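Under our numbering, the first residue of the sequence shown carries the number 5, and numbering increases by one thereafter.
Treat the hints with care, since some could be wrong.
As the list claims (entries may be wrong) - When the alpha-carbon atoms are kept at most 30 angstroms apart in a straight line, the in silico DSSO-like pairs for lysine-lysine are as follows: (1) Lys523 x Lys454; (2) Lys508 x Lys417; (3) Lys370 x Lys479; (4) Lys381 x Lys325; (5) Lys385 x Lys325; (6) Lys289 x Lys265; (7) Lys381 x Lys454; (8) Lys508 x Lys479; (9) Lys370 x Lys344; (10) Lys523 x Lys435; (11) Lys230 x Lys325; (12) Lys289 x Lys435; (13) Lys435 x Lys325; (14) Lys479 x Lys519; (15) Lys325 x Lys289; (16) Lys523 x Lys508; (17) Lys381 x Lys370; (18) Lys482 x Lys519; (19) Lys482 x Lys523; (20) Lys454 x Lys344; (21) Lys385 x Lys370; (22) Lys265 x Lys370; (23) Lys478 x Lys435; (24) Lys454 x Lys482; (25) Lys479 x Lys435; (26) Lys385 x Lys482; (27) Lys289 x Lys370; (28) Lys478 x Lys523; (29) Lys417 x Lys478; (30) Lys454 x Lys417; (31) Lys417 x Lys381; (32) Lys370 x Lys417; (33) Lys216 x Lys265; (34) Lys524 x Lys417; (35) Lys385 x Lys417; (36) Lys325 x Lys344.
Derived by calculation from the structure, the hints in this document are not laboratory data. This one's a predicted model, so the numbers in the text were calculated from it and none came from an experiment.
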Amino acid sequence: MAALSLHNFNHLVSILSSPSSSSFWNLSFAFNNEVRFKKGKFLVFLSTHSNPKILKSNKKSRFGQRITPYDTDEEEEEDEDEEFDDNDDGMAGDDWLMNDDFAQPHEYVVNGKKIKSRKESGKEGNRRLQEQRKGSKALKSRQGLIISEDEMDIRHGNDGLKRKSVGNSYHTSTKTKEAGSFDVDGGRMLVSKTSRENRYQRLSDEIDLDEKWFPLLDYLSTFGLKDTHFIQMYERHMPSLQINVCSAQERLDYLLSVGVKQRDVRRILLRQPQILEYTVENNLKSHVAFLMSLGIPSSRIGQIIVCAPSLFSYSVENSLKPTVRYLIEEVGINEHDLGKVVQLSPQILVQRIDISWNTRYMFLSKELGAPRDSIVKMVKKHPQLLHYSIDDGLLPRINFLRSIGMRNSDILKVLTSLTQVLSLSLEDNLKPKYLYLINELNNEVHSLTKYPMYLSLSLDQRIRPRHRFLVSLKKAPKGPFPLGSLVPSDECFCQQWAGTSLDKYLAFRQRLLLKEFAKKYEK
């Protein structure tokens, strides 16, 4: 086992020690992200920048963010059998989120019936399905193809089937069956009833599966949905599986046309299966138009939908627009800043904004003596603040800053300048950076009020490499290390502080990262 581990590590070193341009990419081993090693294997991530997202420290990112120099504690994971909590809209399912902060959904007319968009239990879904199936006639599929067995040649007994090249139909010899079809990559895919039953055997064992759902299931499978995902959709909102496949395709095609990625459709359906019921003309288009009216560019609409698909279940006139008015009139956000705020945190549109704003405003005012203007600045820079739990999120981080010697006025200055500090992990982020600041950089805590960005920078990819590089060049001062050298880009750092080439610094950082990784890997 030891030999295998050494071989893997040496192989990594040989690959990354090449002087090609790609070898100078930043090497991030996710030291603060609990990388797990087993049986001589390890994970290595390459990036050309520090991890850009600054959201809640214990939340898995599901939304592509713009690149920033900030550090973060998020991990990107794509689990094919991923499960979502009932309140999951990209922020929910987290104990930092107050469940009573969200507004009530709206009612929509779907196929001539008034349906209130809400989560539905599997038990109730089964009851409704059984009621709807009572007295049902023979199976008729709008997308199905009729198979006449009178036109079939029987070969190899009763089990053999011969497909004739006549249109798009299968032929058997005794009775009529159905086979659904749907477009896949411009082609026509035919699935027999028997193969479908075998394919969805596990699904039928778990839920009361209706054969009329097969065409829709076949279509949704092209987006990567599996039996476990269909079960989640069934338990969350069973009627979504009763939608005609043509209607479902029309609605998903529209979402794809406004910027939703093919790979994100599965995530949307698992969080908000009701979206299959919303018509393009009466719902989807009006909500997209509303988002664009806030100043959100069309290139970002798809990402907003992926992050908060539940917004389609809220009335534009009765819910979304009143939320926007509250943000402008009561919170004090400028109208031209709304688009930026929504892009940073789309969930703000579906919150009970009055509750979330008032509770956090009162807390920060009482705890830190923060004036209203300062709190508004925090919300504009980091609207996720309105999602964080006071007891589990805000207060522990404020108390940590107090414990290292900061006064309330210093904490307020740091949070106003860099509100993202409230999203960083205490154990994996804030504490290690504080210890490095004191023990290695020989700085005092009060220096953080002048350079609060220090707390957001990556310790492994920015702080330690630049410090060690200047020390190796004998250009680091004997006293406190200048935190200003950590702020600029790599190019500016090399020109202004190191007086050497960028390639030399990147090669040094690469070796340092490998060395640090080897230490942790051996443990």
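Structure-based check of each hint:
As the CA atoms of lysine 523 and lysine 454 are separated by approximately 33 angstroms, the hinted pair breaks the 30 angstroms bound. A C-alpha spacing of about 37 angstroms is found between lysine 508 and lysine 417, which places the hinted pair above 30 angstroms, so the restraint is violated. Distance check on the hinted pair: lysine 370 and lysine 479 sit about 45 angstroms apart at the alpha-carbon level, beyond 30 angstroms; violated. The suggested pairing of lysine 381 with lysine 325 holds, with an alpha-carbon distance near 22 angstroms, which does not exceed 30 angstroms.
With a C-alpha separation of about 22 angstroms, the suggested pairing of lysine 385 with lysine 325 holds against the 30 angstroms cut-off. Straight-line distance between C-alpha atoms of lysine 289 and lysine 265 comes to about 17 angstroms, which keeps the hinted pair within the 30 angstroms bound. Distance restraint check for lysine 381 and lysine 454: the Cα-Cα separation of roughly 18 angstroms lies within the 30 angstroms cut-off, and the hinted pair is therefore satisfied. About 15 angstroms separates the Cα atoms of lysine 508 and lysine 479, which keeps this hinted pair within 30 angstroms; it holds.
In summary, the hint linking lysine 370 to lysine 344 is supported, as the alpha carbons are separated by about 28 angstroms, within the 30 angstroms threshold. The suggested pairing of lysine 523 with lysine 435 holds, with an alpha-carbon distance near 20 angstroms, which does not exceed 30 angstroms. Between lysine 230 and lysine 325, the direct Cα distance comes to roughly 37 angstroms. Violation of the 30 angstroms bound is thereby established for this hinted pair. Only pairs whose Cα atoms come within 30 angstroms are accepted, and lysine 289 paired with lysine 435 is rejected, the gap being roughly 47 angstroms.
As the CA atoms of lysine 435 and lysine 325 are separated by approximately 42 angstroms, the hinted pair breaks the 30 angstroms bound. With a CA separation close to 22 angstroms, the supplied pair lysine 479 and lysine 519 stays within the 30 angstroms bound. For the proposed pair lysine 325 and lysine 289, the alpha carbon gap of about 16 angstroms is at most 30 angstroms, so the pair holds. Among the hinted pairs, lysine 523 with lysine 508 is consistent with the structure: their alpha-carbon atoms are about 23 angstroms apart, no more than 30 angstroms.
With a C-alpha separation of about 17 angstroms, the suggested pair lysine 381 and lysine 370 falls inside the 30 angstroms cut-off, and the hint holds. For the suggested pair lysine 482 and lysine 519, the alpha carbons sit about 25 angstroms apart, so the restraint of at most 30 angstroms is met. Distance restraint check for lysine 482 and lysine 523: the Cα-Cα separation of roughly 27 angstroms lies within the 30 angstroms cut-off, and the hinted pair is therefore satisfied. Between lysine 454 and lysine 344 the CA atoms are separated by roughly 26 angstroms; this keeps the pair inside 30 angstroms, and the hint holds.
Taken as a hint, the lysine 385 and lysine 370 pair is honoured in the structure, with Cα atoms around 21 angstroms apart against an allowance of 30 angstroms. A C-alpha spacing of about 44 angstroms is found between lysine 265 and lysine 370, which places the hinted pair above 30 angstroms, so the restraint is violated. Proximity of lysine 478 to lysine 435 is assessed by CA-CA distance (about 28 angstroms); at most 30 angstroms being required, the pair is judged to hold. At roughly 20 angstroms between alpha-carbon atoms, lysine 454 and lysine 482 fall within 30 angstroms of each other, so this suggested pair holds.
For the suggested pair lysine 479 and lysine 435, the alpha carbons sit about 27 angstroms apart, so the restraint of at most 30 angstroms is met. For the given pair, lysine 385 sits about 36 angstroms from lysine 482 by alpha-carbon distance, which is inconsistent with the 30 angstroms threshold. Among the hinted pairs, lysine 289 with lysine 370 is inconsistent with the structure: their alpha-carbon atoms are about 43 angstroms apart, more than 30 angstroms. Distance hint between lysine 478 and lysine 523 is fulfilled; the C-alpha atoms sit about 25 angstroms from each other, no more than 30 angstroms.
As the CA atoms of lysine 417 and lysine 478 are separated by approximately 34 angstroms, the hinted pair breaks the 30 angstroms bound. At most 30 angstroms may separate the alpha-carbon atoms for a hinted pair to count; lysine 454 and lysine 417 meet this at roughly 9 angstroms. With a C-alpha separation of about 11 angstroms, the suggested pairing of lysine 417 with lysine 381 holds against the 30 angstroms cut-off. With a C-alpha separation of about 16 angstroms, the suggested pair lysine 370 and lysine 417 falls inside the 30 angstroms cut-off, and the hint holds.
Only pairs whose Cα atoms come within 30 angstroms are accepted, and lysine 216 paired with lysine 265 is accepted, the gap being roughly 28 angstroms. Using a Cα cut-off of 30 angstroms, the hinted pair lysine 524 and lysine 417 is violated, with the two alpha carbons roughly 36 angstroms apart. Restraint check for lysine 385 and lysine 417: the C-alpha separation of about 14 angstroms stays at or below 30 angstroms, so the hint holds. Taking the CA atoms of lysine 325 and lysine 344, the gap is near 16 angstroms; set against the 30 angstroms cutoff, the hint holds.
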